[in-house]
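S.K.: Put together the whole structure using the sequences plus the hints.
Chains as they are written, first to last, in the working numbering: chain A, 5 to 142; chain B, 71 to 157; chain C, 62 to 172.
By construction, these hints were calculated from the structure, which means they are not laboratory data. Cβ coordinates follow ideal geometry from the N, Cα and C atoms, glycine included.
Restraint ranges, calculated between C-beta atoms of paired labels, are given here: (1) Ser-161(C) to Phe-79(B): 17 to 27 Å; (2) Ser-63(C) to Leu-91(A): 43 to 53 Å; (3) Gly-95(A) to Ile-138(B): 17 to 27 Å; (4) Ile-88(A) to Lys-86(C): 39 to 49 Å; (5) Glu-172(C) to Phe-87(B): 42 to 52 Å; (6) Arg-113(B) to Ile-85(C): 46 to 56 Å.
These stretches of chain B come out as covered by chain A in the derived footprint (C-beta under 8 Å, 3 or more residues): (7) 112-123; (8) 128-135; (9) 139-150.
27 Å max Cα-Cα, derived DSSO-like pairs, lysine-lysine: (10) Lys-65(A) to Lys-6(A); (11) Lys-74(B) to Lys-80(C); (12) Lys-6(A) to Lys-17(A); (13) Lys-170(C) to Lys-87(C); (14) Lys-80(C) to Lys-158(C); (15) Lys-72(B) to Lys-81(C); (16) Lys-140(A) to Lys-158(C); (17) Lys-65(A) to Lys-153(B); (18) Lys-154(B) to Lys-78(A); (19) Lys-158(C) to Lys-6(A).
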Amino acid sequence: MKESEIVSVISRKLVPYILIFGLYLISYGHLSPGGGFQGGVVLASGIILLALARGTDSAQKLFPERNLRIVEAKAFFLFLFMGIGGLVAGGYFLQNFLPLGKAGEVPSAGFIFFLNLIIGLKVSAGISLICFYLLKGE
Amino acid sequence: MKLKLLGEFLIFVVFGFVLIFGIDFIPPPPSGLKNYFVYQGVRQTGAINLVSSIYLGYRAFDTLGETIVLILVVSGIVMLLEKKDKE
Amino acid sequence: MSFYLIIFLFILGAWGIVKKDNLIKKVIALNILNSSIVILFIYIGSLTGSTAPIMEKGIKNVVDPLPQALMLTAIVIGICLTALALSFILKIYQRYKTLSVSRIEKLIKNE
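M.R.: Here you go:
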């Protein structure tokens, strides 16, 4: 599609702030509204803005397609291993086996923080992969 | 032709009346499950956000099934839309 | 009052799937149908309290958090459904070069 200069310049200035906001939503998921799914979708929308404004070739220099596929598959296995870790530490599948801290600080919720990070990576990689394939499937 | 359009319109009107008069719209009674989450949720999981403590603490198995759905959909789209290079 | 709005959105989505001729408009109506059911669950869950379910110091009377946690999964599954439907439409367009259902039926009958 034909490129226009205003969209190209403004998207270059706006995408780093969108990515930082997505990372903030993922990592503060257990203290304020947000979490894995919400932050992952915001992160994917930053990548899609880059792909729509400057073409998929320029977006794939920063986020290559092969790496996104590997990240998505490995995140699923990491989720399974966190669950099996709950079985190993003497309990049920997906038990909260890390220590709980004082409520209200960042490292305070056991393994909910790490599960949020895993889900955020997986959702953002999946949705941006879907959009890369739909945008150049002609 | 006009009779077919009238018949379709009538079917949707009947559908609308069945939905309006067939569903009881009363506000829900105070439930014991909400009190359990509000009083015991922060102490048992450590997260202040109650929605996160539900779908990652008490019911994390549903989240595992949902990640399986995401992987299936992405692999289905990659299979349908990949380009075979003719060399 | 809000219940009648939700029923109107549901019937609008169902009517759009049946009566529209363009394939992309059918996918949009499917999305409207999905969103109306999500709004129904969250609206019924919001009638029992008054603030968001974040337990900071001295906040009482929060909303029920259980329907919101279930609807997160429902929203993501709706996105995946729309993505698969759009990729099927792309393959149909590459084969028949048109997007209207009646013309595709005529082309299939003439083959």
